[in-house]
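What follows is each chain in one-letter form.
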Amino acid sequence: MGKTLTEKILGRKAGKDVQAGEVITVSPDYVLSHDNSAAIIQEFRKLGVKKVKAPEKIVIVLDHIVPASDEKYAQNHKSIREFVAEQGIPYFFDINAGICHQVLPEQGFALPGKVIVGSDSHTPSYGALGAFATGIGRTETACTWATDEIWLRVPETMRIDLSGRFRPGVFAKDLSLKLIGDHGAEMANYKAVEFAGPAAGDFSVGARLTLANMSAEMGAKNGYFAPDGKALKWLEGRARGPFVAAASDPDARFESILDCDLGGLEPQVACPHTVDNVKSIGAVAGKPVNQVLIGTCTNGRLEDLEAAAAIFAGHKVHPSVRCLVIPASWEVYREALKSGALAVLAEAGCVILNSGCGPCLGAHEGIMAAGEACLSTSNRNFRGRMGHRDSEIYLASPATAAATAVAGRIADPREFV
Amino acid sequence: MSQGKTWKYGDNVNTDVIFPGRYTYQIMPPEEMARHALEDLDPDFAANVRPGDVIVAGKNFGCGSSREQAAACLKAAGVQAVVAKSFARIYFRNAINLGLAVLQCDEAVDALEKGDAVDLDFARGEIRSAKDTFRFLPLPDSVLGILEAGGLLEYTKKKLEKE
Numbered sequence: 001m002g003k004t005l006t007e008k009i010l011g012r013k014a015g016k017d018v019q020a021g022e023v024i025t026v027s028p029d030y031v032l033s034h035d036n037s038a039a040i041i042q043e044f045r046k047l048g049v050k051k052v053k054a055p056e057k058i059v060i061v062l063d064h065i066v067p068a069s070d071e072k073y074a075q076n077h078k079s080i081r082e083f084v085a086e087q088g089i090p091y092f093f094d095i096n097a098g099i100c101h102q103v104l105p106e107q108g109f110a111l112p113g114k115v116i117v118g119s120d121s122h123t124p125s126y127g128a129l130g131a132f133a134t135g136i137g138r139t140e141t142a143c144t145w146a147t148d149e150i151w152l153r154v155p156e157t158m159r160i161d162l163s164g165r166f167r168p169g170v171f172a173k174d175l176s177l178k179l180i181g182d183h184g185a186e187m188a189n190y191k192a193v194e195f196a197g198p199a200a201g202d203f204s205v206g207a208r209l210t211l212a213n214m215s216a217e218m219g220a221k222n223g224y225f226a227p228d229g230k231a232l233k234w235l236e237g238r239a240r241g242p243f244v245a246a247a248s249d250p251d252a253r254f255e256s257i258l259d260c261d262l263g264g265l266e267p268q269v270a271c272p273h274t275v276d277n278v279k280s281i282g283a284v285a286g287k288p289v290n291q292v293l294i295g296t297c298t299n300g301r302l303e304d305l306e307a308a309a310a311i312f313a314g315h316k317v318h319p320s321v322r323c324l325v326i327p328a329s330w331e332v333y334r335e336a337l338k339s340g341a342l343a344v345l346a347e348a349g350c351v352i353l354n355s356g357c358g359p360c361l362g363a364h365e366g367i368m369a370a371g372e373a374c375l376s377t378s379n380r381n382f383r384g385r386m387g388h389r390d391s392e393i394y395l396a397s398p399a400t401a402a403a404t405a406v407a408g409r410i411a412d413p414r415e416f417v
Numbered sequence: 001m002s003q004g005k006t007w008k009y010g011d012n013v014n015t016d017v018i019f020p021g022r023y024t025y026q027i028m029p030p031e032e033m034a035r036h037a038l039e040d041l042d043p044d045f046a047a048n049v050r051p052g053d054v055i056v057a058g059k060n061f062g063c064g065s066s067r068e069q070a071a072a073c074l075k076a077a078g079v080q081a082v083v084a085k086s087f088a089r090i091y092f093r094n095a096i097n098l099g100l101a102v103l104q105c106d107e108a109v110d111a112l113e114k115g116d117a118v119d120l121d122f123a124r125g126e127i128r129s130a131k132d133t134f135r136f137l138p139l140p141d142s143v144l145g146i147l148e149a150g151g152l153l154e155y156t157k158k159k160l161e162k163e
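First to last, the sequence lines map onto chains R and S. Just so we're aligned, residue 1 is where the first sequence starts under this note's numbering, counting upward by one. Just so we're aligned, residue 1 is where the second sequence starts under this note's numbering, counting upward by one.
Hints are computed from structural coordinates only; laboratory data are not their basis. Please note that the accuracy of each hint is not assured.
[As the list claims (entries may be wrong)] Under the rule of at most 20 angstroms between Cα atoms (straight-line distance), these lysine to aspartate or glutamate pairs were calculated in the EDC-like manner: (1) S:Lys131 with S:Glu161; (2) R:Lys46 with S:Glu161; (3) R:Lys72 with S:Glu31; (4) R:Lys72 with S:Glu161; (5) S:Lys157 with R:Asp148.
[Claimed, not checked] Residues from chain S that keep clear of chain R, each with C-beta distances beyond 12 angstroms, as calculated: (6) Lys5; (7) Ala71; (8) Asn94; (9) Asp121; (10) Lys131.
Just so you know, even glycine gets a beta-carbon here, dropped at the ideal spot from N, CA and C.
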């Protein structure tokens with residue numbers, strides 16, 4: 001019996017043959033945390049050890065509330081900077097880097113075959129490059145800092161075989177929403193999700209990051225694409241060191257296999273208040289919105305900003321809409337400056353904010369009042385997430401977001417293609 | 001064995017409604033976390049929950065953000081266990097790591113309604129109510145050690161002392 005990518009990576013780490021269902025203890029390659037490092041530091045102090053065990057494995061990226069919006073957040077950031085200095089943690093990214101899930105790939109931490117755990121639920125993003133990456137909690141992050149090990153259950157794998165091609169105006173985000181809408185928000189709870197099939201190789205690294213990121217909304221432990229030539233080329237000049245790629249064997253055991261034809265897909269919208277409340281664009285078009293958010297770890301990359309810019313060309317943001325644009329990282333910000341995408345967005349009347357999580361989690365930069373609606377390219381539309389519990393969040397692709405910002409109501413991007 | 005009243009909710013109760021994002025990056029003591037528990041799902045909960053109460057919910061309890069306060073705030077509010085049809089994986093880990101019991105039992109979820117009195121018997125793996133007695137799935141051995149130690153911090157402390 002062959003092995004899945006996840007069984008191979010975890011088996012190599014555990015130093016033995018492993019299969020789905022087994023519980024193993026491994027020493028991860030990297031442990032990610034962000035602004036929540038402040039809370040993790042408090043837990044770490046309770047353990048009674050002075051030093052973290054492997055400072056070179058800890059990666060801290062400030063991204064959730066950057067720059068700090070009030071004194072409490074400022075104090076959190078300060079305590080993190082002090083801890084980084086005290087512990088000699090080499091990989092610290094301050095408020096001018098971007099969202100951790102964009103920074104770790106760009107900076108060459110997210111590599112094929114690596115095991116990465118992070119105190120953030122969208123850590124599975126790094127599976128886009130063939131890593132095993134999964135989210136953990138704060139207390140276990142603190143304990144992993146102290147012990148350099150963590151227990152993991154080797155997950156069963158669901159394979160999604162992609163075939164065909166997207167029609168114009170349809171993107172990876174639409175695919176992820178369609179899958180979650182059809183199969184429910186716990187379709188892959190505790191499982192690994194492998195994106196495979198003849199069309200998998202057509203997906204850009206950015207689109208792979210979107211899908212791996214959204215696997216968290218399927219409940220997945222990790223989501224991934226097997227690393228191919230496209231992934232390896234993207235990593236040239238970025239990878240921080242050697243790596244050993246893994247891919248599933250042809251005779252690996254998959255718990256289930258879904259077939260998905262991209263050609264039949266239409267733009268999708270997740271409606272309030274769950275990510276699996278998904279409708280095709282035609283069923284929600286016309287709904288007025290007050291705010292549009294283009295950005296986040298799901299859809300804030302260069303190709304996302306360019307897809308939005310293509311819609312905005314020659315158009316303005318509707319006077320009743322506030323359109324917020326947040327490049328996922330400062331590398332993306334600079335690329336979008338050079339490509340001209342940011343100029344188009346600024347000319348159209350978008351408000352461009354510092355790279356970071358922005359209002360996605362409801363902490364700052366565009367919090368919504370009661371009765372307001374936002375269409376966002378982010379990953380969650382739970383009640384109250386972006387502000388008042390009686391505000392609404394709709395999730396869609398950057399193209400649908402841009403079309404909506406122009407129209408002042410939820411709009412089909414294909415009308416602009 | 002301990003007794004409490006139930007609070008009943010549906011499927012996919014996410015961590016944003018258990019503990020809203022507007023408080024997530026503020027560091028606050030447990031009693032303050034408890035005051036925000038389930039704020040965006042059930043505004044009556046925090047003021048009326050009593051120590052020993054039990055939350056009963058459907059599938060995928062705790063989905064969404066990895067925020068640990070979503071487990072911590074319920075524990076701080078005195079909730080002794082969450083009984084659900086299934087749990088989102090990070091929530092499950094967080095709850096165990098903080099010593100909050102998370103029990104899977106479809107039948108109990110289907111039968112119990114809001115306000116039912118229940119007894120939880122961890123030794124026998126039973127949820128008892130006037131309606132029936134339900135058996136919950138035993139927790140895997142791999143996590144029992146953590147629960148028995150009183151949570152992951154204590155478990156890790158002991159491990160580090162041995163080294």
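Going down the list of hints, with the structure as the test:
| no. | hint | result |
| --- | --- | --- |
| 1 | S:Lys131 with S:Glu161 | violated, 47 angstroms |
| 2 | R:Lys46 with S:Glu161 | holds, 13 angstroms |
| 3 | R:Lys72 with S:Glu31 | holds, 18 angstroms |
| 4 | R:Lys72 with S:Glu161 | violated, 34 angstroms |
| 5 | S:Lys157 with R:Asp148 | holds, 14 angstroms |
| 6 | Lys5 | holds, 25 angstroms |
| 7 | Ala71 | violated, 8 angstroms |
| 8 | Asn94 | violated, 4 angstroms |
| 9 | Asp121 | holds, 26 angstroms |
| 10 | Lys131 | holds, 26 angstroms |
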